[in-house]
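Given next are the chains, with one letter for each unit.
Number of protein chains: 2
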Amino acid sequence: MRNFADRLNDAILAKNSQVCVGLDPRLDHMPESLIGRYRDQPRQGCGCGRHEIGACFYEFGAAIIDAVASHAVAVKMQLACFEQYGPPGFKAFKHLCDHAAKQGLLVIADAKRGDIGLSAAAYSAAYIGRPDGFDGKIDNLGADALTVNPLFGTDAMQPFIDDCAQYGAGIFVLVKTSNPGSADLQDLIVAGEKSPSVISGSSSPTAGSAASNTRKFHEKVASLVDSWGENLIGETGYSSIGAVIGGTHPETLASLRKLLPRTPFLIPGYGTQGAVAADMSAAFDKRGLGALVTASRSIIYAGAGENFAASAAEAAAAMRDELWQSSLGNV
Amino acid sequence: MRNFADRLNDAILAKNSQVCVGLDPRLDHMPESLIGRYRDQPRQGCGCGRHEIGACFYEFGAAIIDAVASHAVAVKMQLACFEQYGPPGFKAFKHLCDHAAKQGLLVIADAKRGDIGLSAAAYSAAYIGRPDGFDGKIDNLGADALTVNPLFGTDAMQPFIDDCAQYGAGIFVLVKTSNPGSADLQDLIVAGEKSPSVISGSSSPTAGSAASNTRKFHEKVASLVDSWGENLIGETGYSSIGAVIGGTHPETLASLRKLLPRTPFLIPGYGTQGAVAADMSAAFDKRGLGALVTASRSIIYAGAGENFAASAAEAAAAMRDELWQSSLGNV
Chain A
898 MRNFADRLND AILAKNSQVC VGLDPRLDHM PESLIGRYRD QPRQGCGCGR
948 HEIGACFYEF GAAIIDAVAS HAVAVKMQLA CFEQYGPPGF KAFKHLCDHA
998 AKQGLLVIAD AKRGDIGLSA AAYSAAYIGR PDGFDGKIDN LGADALTVNP
1048 LFGTDAMQPF IDDCAQYGAG IFVLVKTSNP GSADLQDLIV AGEKSPSVIS
1098 GSSSPTAGSA ASNTRKFHEK VASLVDSWGE NLIGETGYSS IGAVIGGTHP
1148 ETLASLRKLL PRTPFLIPGY GTQGAVAADM SAAFDKRGLG ALVTASRSII
1198 YAGAGENFAA SAAEAAAAMR DELWQSSLGN V
Chain B
898 MRNFADRLND AILAKNSQVC VGLDPRLDHM PESLIGRYRD QPRQGCGCGR
948 HEIGACFYEF GAAIIDAVAS HAVAVKMQLA CFEQYGPPGF KAFKHLCDHA
998 AKQGLLVIAD AKRGDIGLSA AAYSAAYIGR PDGFDGKIDN LGADALTVNP
1048 LFGTDAMQPF IDDCAQYGAG IFVLVKTSNP GSADLQDLIV AGEKSPSVIS
1098 GSSSPTAGSA ASNTRKFHEK VASLVDSWGE NLIGETGYSS IGAVIGGTHP
1148 ETLASLRKLL PRTPFLIPGY GTQGAVAADM SAAFDKRGLG ALVTASRSII
1198 YAGAGENFAA SAAEAAAAMR DELWQSSLGN V
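One line per chain: the protein sequences are A and B, in this order.
Numbering follows the working numbering, with no gaps: position 260 of the first sequence is 1157.
Numbering follows the working numbering, with no gaps: position 289 of the second sequence is 1186.
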């Protein structure tokens, strides 16, 4: 299987698009035309509606996928939305992964998983590796890439990195998230770590220990991400080990791009969370490569009525055009 | 519903036990007497064996639960093991949660989840809150407590904390994990943060900025955990917001206990990972309260043959006695 970063970049160039549509289905946002049919049918199992909600999410998601497939490069499936409905939710998730792949979209499982040892290996197997079956390895849940939480350190990342190498998969490691509270831990100043400017040699010769004390926690994570990805650089110059960096912090995005020249960024925050295309421009190289920008609510809930899918297509196309022009304006 | 910490402490005192059995089912560790039956039966679905593996994990897990129920206080269900088998894996997880509850055990979903905003709320709803159904809230997957990753910061923790308050649930926040690589990020020195000894007033008056620069990242997380839990202290003196702290770092455990006097600890590392009861003694108060110690492989795979459940019961009973005596010796 071709390196994930190359597959991603092939798709970006084929579609002139850096759009990733976030599939975050929520019951209170389902179009009435859709939800009514599922709510009012006889209920399977315990009668709580889990099965029907899963089926409703599948129909909604499949319609969105069909509508945005020519405008977007990837879908980002928010596991939390599916997981809360248990096995039927997971079934909808898996079937939507399969459907997106059939429509030529890359699938990013936005699961933000992380653990240690054999548990880390099991999470990796679930989404991008291959779980053990009775007679050898079996298929995973059908993602091309997975979002991963780095808190556990290098040994806990190894199973994910190994599966990326073996199966042409990718991961996006959380470096700086888009929420206000991300500052609480991710922006802590880490003592004794050199700042990025010191690393790049641009600090003044008079800068002493004070300057070397200005590196933030998320910059330390970034330097680890760079090292984790160094053996997985594809032909297009990017690694299969990517980074999640919130678009709501444009200056951070620009400084992290300098620190991570070979890392694909997955950038949430566009649309409902307030970031615009210009905020992302530093993330792209002159080919328009380097980042996927995700939008969820502003695309999938662009229209509330029967024409929700057509509205989503329109919103995705507009986002594609805005991002593509903005990224090339960066040349 | 009674406060989670009080429910936990009631159970510890009723059973004279601080044992939490980790249910981490792995296909290559299933007893041959069990696996043969599932491997050789006609396969549902795509034929990959997912359904039969889920059913095998359920039978295995239920037998372990029945065997350890009188010796252990809780089971810790490792989501990764179940999740890799998709919907049938999740079904086994849910049914085992229900079975453990029927046997009087507290259920800790070891999912290490974390996200922001509505996604954080959905993860919380999945395990300890209540997801939205067609006609109001519906049942969750059946956990009493959930392990949570704190990297996202305070705003992202709020949905979990709110559900703990509303539903008498608990969370255990990752503070210091048991793997060697935990040092990579969790032990970073955080500049400008006061060290625990400074906080407790035990530092010498001559200690200057050098001393105040010696706080580690995981100690900063600990201070947040303390603040997150301050409104959820139960009658027994502990909060429903707990902490995961690896038993493989005895000195860290002791120093974190000083920093977190009201926080229940969930301590992995006993048994296969090398920690012994004496390593945990600082975690307990003189009543024997304050911590649950988890063991997975050393209990559930204590015997490989047909008598695996009896072997697990024996191992759990021995662990209970060792821990209980050791913790009371700490008076």
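Misleading hints may appear alongside valid ones.
One copy or two, either will do: identical chains are not told apart, so a pair holds if it fits within one copy or between any two.
Claimed, not checked - Straight-line Cα separation of at most 20 Å, EDC-like style, residue types lysine to aspartate or glutamate; simulated pairs: (1) Lys1034 to Asp937; (2) Lys991 to Asp1084; (3) Lys1034 to Glu929; (4) Lys1034 to Asp925; (5) Lys999 to Asp925; (6) Lys1183 to Asp1032; (7) Lys999 to Glu956; (8) Lys999 to Glu1219; (9) Lys991 to Asp1036; (10) Lys1155 to Asp1052.
Keep in mind the hints are simulated off the structure, nothing from the lab.
Hint-by-hint comparison with the structure:
no., hint, result
1, Lys1034 to Asp937, "between (41 Å within a copy, 17 Å between copies)"
2, Lys991 to Asp1084, "neither (35 Å within a copy, 37 Å between copies)"
3, Lys1034 to Glu929, "between (42 Å within a copy, 19 Å between copies)"
4, Lys1034 to Asp925, "between (39 Å within a copy, 12 Å between copies)"
5, Lys999 to Asp925, "neither (28 Å within a copy, 33 Å between copies)"
6, Lys1183 to Asp1032, "neither (48 Å within a copy, 51 Å between copies)"
7, Lys999 to Glu956, "within (15 Å within a copy, 36 Å between copies)"
8, Lys999 to Glu1219, "neither (27 Å within a copy, 56 Å between copies)"
9, Lys991 to Asp1036, "within (11 Å within a copy, 22 Å between copies)"
10, Lys1155 to Asp1052, "neither (26 Å within a copy, 29 Å between copies)"
The structure does not agree with the numbered hints 2, 5, 6, 8, 10 stated previously, though it agrees with the rest.
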